[in-house]
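Go ahead and model the full structure; you've got the sequences and the hints to work with.
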Amino acid sequence: MKPSTKRILSIILSVALLVGALVVYGNFIRPEMESVAKARSLAASKENLLNNQTAAVVQVQNVISQFQTAEGFSEKIALAIPREPATTDALNQVYAISLSSKADLLDFSVEMQPFRTPSGESVIRQLGTVSLNISARGAYQDIKSFLQSLETNARIANVGEMRITPVAGMSGTYTISATVEMYFQN
Amino acid sequence: MGIIPQTYRDQTTSQLAESRIVTGLPWKILLFSVFLFGFSILVFFGLRFGYKTYLSTRSENLDARLEELASRVSGEDEQDLIALYSQIVNLREVLKSHKFTVNTIELLEKYTLPSVYFYDARISGGNGTMDMRGKAKTMRDFVEQLSIFDAAPEFAEKTAVDRISFDANQAVDFTIILKASDDTLARF
Chain W
1 MKPSTKRILS IILSVALLVG ALVVYGNFIR PEMESVAKAR SLAASKENLL
51 NNQTAAVVQV QNVISQFQTA EGFSEKIALA IPREPATTDA LNQVYAISLS
101 SKADLLDFSV EMQPFRTPSG ESVIRQLGTV SLNISARGAY QDIKSFLQSL
151 ETNARIANVG EMRITPVAGM SGTYTISATV EMYFQN
Chain F
1 MGIIPQTYRD QTTSQLAESR IVTGLPWKIL LFSVFLFGFS ILVFFGLRFG
51 YKTYLSTRSE NLDARLEELA SRVSGEDEQD LIALYSQIVN LREVLKSHKF
101 TVNTIELLEK YTLPSVYFYD ARISGGNGTM DMRGKAKTMR DFVEQLSIFD
151 AAPEFAEKTA VDRISFDANQ AVDFTIILKA SDDTLARF
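Chains W and F are the protein sequences, given in the same order. Per the UniProt record's numbering, the very first residue in the first sequence carries number 1; after that it's consecutive. Per the UniProt record's numbering, the very first residue in the second sequence carries number 1; after that it's consecutive.
For the record, the hints were derived by calculation from the structure and aren't laboratory data. Treat each hint with caution, since some may be false.
Residues from chain F that face chain W, not an exhaustive set, calculated with beta carbons under 8 Å [said to hold, decoys possible]:
no., residue
1, Trp27
2, Arg58
3, Ser59
4, Asp63
5, Leu69
6, His98
7, Tyr111
8, Thr184
Note that the Cβ used here is the ideal one computed from N, Cα and C, for glycine as well.
Below, the structure written as structure tokens:
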């Protein structure tokens with residue numbers, strides 16, 4: 001083969017290979033780089049998530065172990081705000097309070113109120129309200145003691161409206177009618 | 001040797017050298033092109049079967065570790081914790097608005113004159129409003145009673161007189177509205 005023919009062929013081959021390199025870059029390497037960039041960011045975000053989750057799980061495990069070691073903590077909380085309406089317990093408690101304060105329980109009725117949606121954190125469960133209409137009778141000090149015990153009871157009770165009136169024909173005896181709100185968690 | 005003149009020999013040597021330069025350049029370009037093409041192929045396969053596979057394996061590994069992490073806290077424990085946390089938050093909210101209505105009775109005991117008594121009390125625990133019906137021996141006692149209530153720091157507002165009437169003995173039958181302060185209702 002003539003040297004001039006060799007030269008021309010080598011130039012043509014060189015150009016073809018350069019074009020080929022450009023084609024490989026444009027059609028294969030660039031899309032692959034984009035795909036790799038996505039895969040890399042996905043892996044990075046997963047790693048970040050894993051780190052956060054690990055920290056959160058460690059915290060949760062610590063909190064769980066703390067609660068488990070603090071004996072009776074959740075039971076005490078459940079006394080203040082049980083995880084169900086527990087109206088029978090409410091009746092028992094009101095009755096026990098009336099006995100201890102020597103006031104006679106005359107009337108007791110229950111009305112369920114709509115749930116309160118907690119503001120802020122969505123993980124917080126709704127707060128339910130049990131509205132109790134209570135009526136009791138007794139001497140002035142007994143009525144006062146009844147009210148005081150109701151408001152300092154383990155289960156949180158908020159007195160809404162109340163009325164204290166003397167009982168006709170029974171000197172020194174009063175009737176208390178009160179609307180009391182007790183709470184529970186959904 | 002002696003046949004070819006020296007000048008012609010030099011000229012021929014020079015031309016041959018030029019010819020090598022001209023024929024050498026395309027080969028260098030060809031080598032460079034081969035290298036470039038080969039490198040681009042190598043990069044492509046390196047990305048696809050090397051780095052991408054590595055990233056994919058790493059991602060799968062992270063997925064597995066995330067799943068393993070999720071199983072470290074049991075569903076029951078998680079629900080228990082959420083419930084307990086909710087109870088604490090809800091308890092805090094409820095305690096914020098918790099009032100001791102019995103304080104209103106203490107307040108009346110503290111500031112009511114012996115010559116005055118109440119026979120009907122409507123008390124609103126939420127805002128501390130007391131709608132009181134009572135009797136005072138005389139108008140003078142009633143006025144004194146009002147001034148005592150007005151001077152007491154535990155009340156949020158001045159006493160509002162809703163109604164008064166006199167009986168045959170000039171005793172005053174009255175209805176007044178008092179309002180205990182939030183601070184008074186919050187303390188126990």
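Can you give the numbers of the hints that this structure goes against, from lowest to highest? As far as the earlier hints go, 7, 8 are violated by this structure, in ascending order.
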